[in-house]
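Colleague: Put together the whole structure using the sequences plus the hints.
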Amino acid sequence: MTLKIKNPGLATSIQDLGRIGYFHLGIPLGGAMDRYALRAANMLVGNDEGAACLEAVFMGPEIEFTQTATVAVTGAQLPIKVDGEYQEPWTSFVVKAGQTLSFDFLESGARIYIAVSGGITTPEALGSRSTYPIGSLGGVEGRAILAGDELPTGGSEGPGAGRTVSEPLRRKPGTPASLRVLPGLYWHRLTDAAGAGFFEDEWKVAPEADRMGYRFKGGRPLKFVEREQPFGAGADPSNIVDGCYSYGSIQVPGGTEPIVLHRDAVSGGGYFTLGAVISADMDLIGQLQPHTSVKFEKVDMAQALGARKERKVMLAKIREELG
Amino acid sequence: MKTRYTFGGDEHVYVEMDDEMSLDAFFKSLSMSNAVRDAKIEGVTEICPANASFQVRFDPDVISPDDIMAKVKELEHKAESAEKRLTTRIVEIPVFYQDPWTHETLMRFRERHQDPNGTDLDYAAKINGFASADEFIEAHHSQPWFVSMVGFVAGLPFLYQLVDRDKQLQVPKYLSPRTDTPKQTVGYGGCFSCIYSVRGAGGYQMFGITPMPIYDPEQKVAHLKDFMVFFKPGDIVKWKPIDRAEYDAILAAVEDGTYVPRIAKVEFDLDEFNADMRGTNAKMLEALNDA
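If you read the protein sequences in the order shown, they are chains A and B. So the first sequence is residues 1 to 323, counted in this note's numbering. So the second sequence is residues 1 to 291, counted in this note's numbering.
Bear in mind the hints are in silico, worked out from the structure with no lab data behind them. No experiment lies behind these values; they were computed from the predicted model shown. Among the clues, some could well be false.
[Unchecked claim] Derived lysine-lysine pairs resembling DSSO-like cross-links, with alpha carbons at most 30 angstroms apart:
{"hint": "1", "chain 1": "B", "residue 1": "K220", "chain 2": "B", "residue 2": "K78"}
{"hint": "2", "chain 1": "B", "residue 1": "K71", "chain 2": "A", "residue 2": "K309"}
{"hint": "3", "chain 1": "A", "residue 1": "K312", "chain 2": "B", "residue 2": "K220"}
{"hint": "4", "chain 1": "A", "residue 1": "K312", "chain 2": "B", "residue 2": "K2"}
{"hint": "5", "chain 1": "B", "residue 1": "K78", "chain 2": "A", "residue 2": "K298"}
{"hint": "6", "chain 1": "A", "residue 1": "K298", "chain 2": "B", "residue 2": "K71"}
{"hint": "7", "chain 1": "A", "residue 1": "K298", "chain 2": "B", "residue 2": "K2"}
{"hint": "8", "chain 1": "B", "residue 1": "K2", "chain 2": "A", "residue 2": "K223"}
{"hint": "9", "chain 1": "A", "residue 1": "K309", "chain 2": "B", "residue 2": "K40"}
{"hint": "10", "chain 1": "A", "residue 1": "K309", "chain 2": "A", "residue 2": "K298"}
{"hint": "11", "chain 1": "A", "residue 1": "K309", "chain 2": "B", "residue 2": "K73"}
{"hint": "12", "chain 1": "B", "residue 1": "K220", "chain 2": "B", "residue 2": "K232"}
{"hint": "13", "chain 1": "A", "residue 1": "K317", "chain 2": "A", "residue 2": "K295"}
{"hint": "14", "chain 1": "B", "residue 1": "K232", "chain 2": "A", "residue 2": "K4"}
[To be verified] Residues from chain A that keep clear of chain B, each with C-beta distances beyond 12 angstroms, as calculated:
{"hint": "15", "residue": "T2"}
{"hint": "16", "residue": "F58"}
{"hint": "17", "residue": "K81"}
{"hint": "18", "residue": "A125"}
{"hint": "19", "residue": "P168"}
{"hint": "20", "residue": "G184"}
{"hint": "21", "residue": "F199"}
{"hint": "22", "residue": "Q229"}
{"hint": "23", "residue": "I278"}
{"hint": "24", "residue": "D281"}
{"hint": "25", "residue": "R308"}
[To be verified] What the simulated footprint calls covered on chain B by chain A, stretch by stretch (three residues with Cβ under 8 angstroms from a Cβ of chain A suffice, anywhere in the stretch; the number is not a length):
{"hint": "26", "segment": "4-17"}
{"hint": "27", "segment": "20-32"}
{"hint": "28", "segment": "124-138"}
{"hint": "29", "segment": "148-155"}
{"hint": "30", "segment": "258-272"}
Where is the CB? At the ideal position from N, CA and C, for every residue including glycine.
Modeller: Written out as structure tokens, the structure is:
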């Protein structure tokens, strides 16, 4: 069974839960930006939760099916059609052999996850099918999908239509979006006033927002504690001796625009980071459009772990709902 | 050196050996990250050594942040008492300095540079007190370098020169990063040299290019058949200046699968090095020449 790509959309790529164990060689985690939505999509079609799906951003692809399969689309609100007929999001439906899956224009959110029963079965690279374009790794020849690609799938018909994730379990960011941040890493480089200002100000997602990172604008510039720059760090007060970047860490080059590093981020570099968005909220970033208002909310480790647990409980509830 | 421990979100322990770069800080970071690896702590998923720091990624569902932090801290004394000795390899990397491809690229991004009227090498020579680019190039390749970190993008090595601090070359990054850098460009930023493993954005000054691939996701290149990434922290590098003819010859050899990088096994002892830098380097270069 193959999925014939008639129109790839904007930047649609194959993603799973990511690539573990190669970060120390500069190969990023990769995988879905909204891993919650990816897991839910896979559960709906009866796949392993980590099966490879299509991640499409802002615009959906157009796909012809060569065999009948169960399909589910989760994540952003992007009206789904099969041969022109609308389908429910976060709900499984059947696409028959010869039918075409397509999408209308984006209504809210940023990324959809398209799971197909049997999963996408392109070759694994370093234990994952996730696409890492900078390193030409995974996916289809290490790139986003193109018109004319034929993606192999596991081929099973799956559990069929009508399985659904109930509304309260369809996790999405609020308005304004709130991202919880655990201060740490090089937080001590900021003055107290700058640290407080970071959490007080309202930020907006900048146009430079992709799988590597999300940039934010609109808050006051951050001021640094004065010091003589250490040897090897570089002249700017926001520079450090190049170190590793944590998943979700927030760098602020020059103190002006914070960047939250996401799944395909560079693994390290020479900018200070003020802490990291907690693991439970990283999925939400994947659903933010440019110009969305965002507040960063300061939390401690106990709150971060509490949020992590809540997310797990929600996923467990989906598993329960779907049996 | 004062070790600083912190969390990176709820999934990382971050340990900074020192806020400034030194071989001592690098060695301590490497041996401590090795100690964490050897301890096989359940719940640890990634251990990433960097120049003067390292990061441990863990699964807080398996080990609590406080527990992993305590376990990592316990290993500091082990790193301190560890022999500052490394069995490693020295690799000769051919470099075509002042090549036409990085030259074309640096001219394209001139408005992002500190010196829009010169080249990256002229600028680097000037601010480091050399009379000419050739003299700077000589300083760049005459003494070996230590791979102190692999990262940024897939397989990119950061290198730190094995010379006294007052002999270290220092060059700032571009005022604003380029959107393009040729694959295998030999770059420079702060006190670090690097090799861009893939084409893409970059902020380091560009000095030349190597014909030797260091990353190959398809693993077709002969010396990357076993693993797609060539470098690992602790490798030692000697740049070898080459001209266009040699560059083309190596490129052809890589293409037909006959290129074999020159590599020698060496022991590096930090105390020995600190006592006699030139002598230690000479010994390693001799081993390389015999390879």
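Colleague: All hints, please: hold or fail.
Modeller: Hints, verified against the model:
{"no.": "1", "hint": "K220/B / K78/B", "verdict": "violated, 40 angstroms"}
{"no.": "2", "hint": "K71/B / K309/A", "verdict": "holds, 23 angstroms"}
{"no.": "3", "hint": "K312/A / K220/B", "verdict": "violated, 42 angstroms"}
{"no.": "4", "hint": "K312/A / K2/B", "verdict": "violated, 38 angstroms"}
{"no.": "5", "hint": "K78/B / K298/A", "verdict": "violated, 35 angstroms"}
{"no.": "6", "hint": "K298/A / K71/B", "verdict": "holds, 27 angstroms"}
{"no.": "7", "hint": "K298/A / K2/B", "verdict": "holds, 27 angstroms"}
{"no.": "8", "hint": "K2/B / K223/A", "verdict": "holds, 24 angstroms"}
{"no.": "9", "hint": "K309/A / K40/B", "verdict": "holds, 25 angstroms"}
{"no.": "10", "hint": "K309/A / K298/A", "verdict": "holds, 18 angstroms"}
{"no.": "11", "hint": "K309/A / K73/B", "verdict": "holds, 26 angstroms"}
{"no.": "12", "hint": "K220/B / K232/B", "verdict": "holds, 19 angstroms"}
{"no.": "13", "hint": "K317/A / K295/A", "verdict": "holds, 28 angstroms"}
{"no.": "14", "hint": "K232/B / K4/A", "verdict": "violated, 40 angstroms"}
{"no.": "15", "hint": "T2", "verdict": "holds, 23 angstroms"}
{"no.": "16", "hint": "F58", "verdict": "holds, 22 angstroms"}
{"no.": "17", "hint": "K81", "verdict": "holds, 36 angstroms"}
{"no.": "18", "hint": "A125", "verdict": "violated, 7 angstroms"}
{"no.": "19", "hint": "P168", "verdict": "holds, 23 angstroms"}
{"no.": "20", "hint": "G184", "verdict": "violated, 5 angstroms"}
{"no.": "21", "hint": "F199", "verdict": "holds, 16 angstroms"}
{"no.": "22", "hint": "Q229", "verdict": "violated, 9 angstroms"}
{"no.": "23", "hint": "I278", "verdict": "violated, 5 angstroms"}
{"no.": "24", "hint": "D281", "verdict": "violated, 10 angstroms"}
{"no.": "25", "hint": "R308", "verdict": "violated, 6 angstroms"}
{"no.": "26", "hint": "4-17", "verdict": "holds (count 9)"}
{"no.": "27", "hint": "20-32", "verdict": "holds (count 3)"}
{"no.": "28", "hint": "124-138", "verdict": "violated (count 0)"}
{"no.": "29", "hint": "148-155", "verdict": "holds (count 7)"}
{"no.": "30", "hint": "258-272", "verdict": "violated (count 0)"}
When held up to the earlier numbered hints, the structure conflicts with 1, 3, 4, 5, 14, 18, 20, 22, 23, 24, 25, 28, 30 and fits the remainder.
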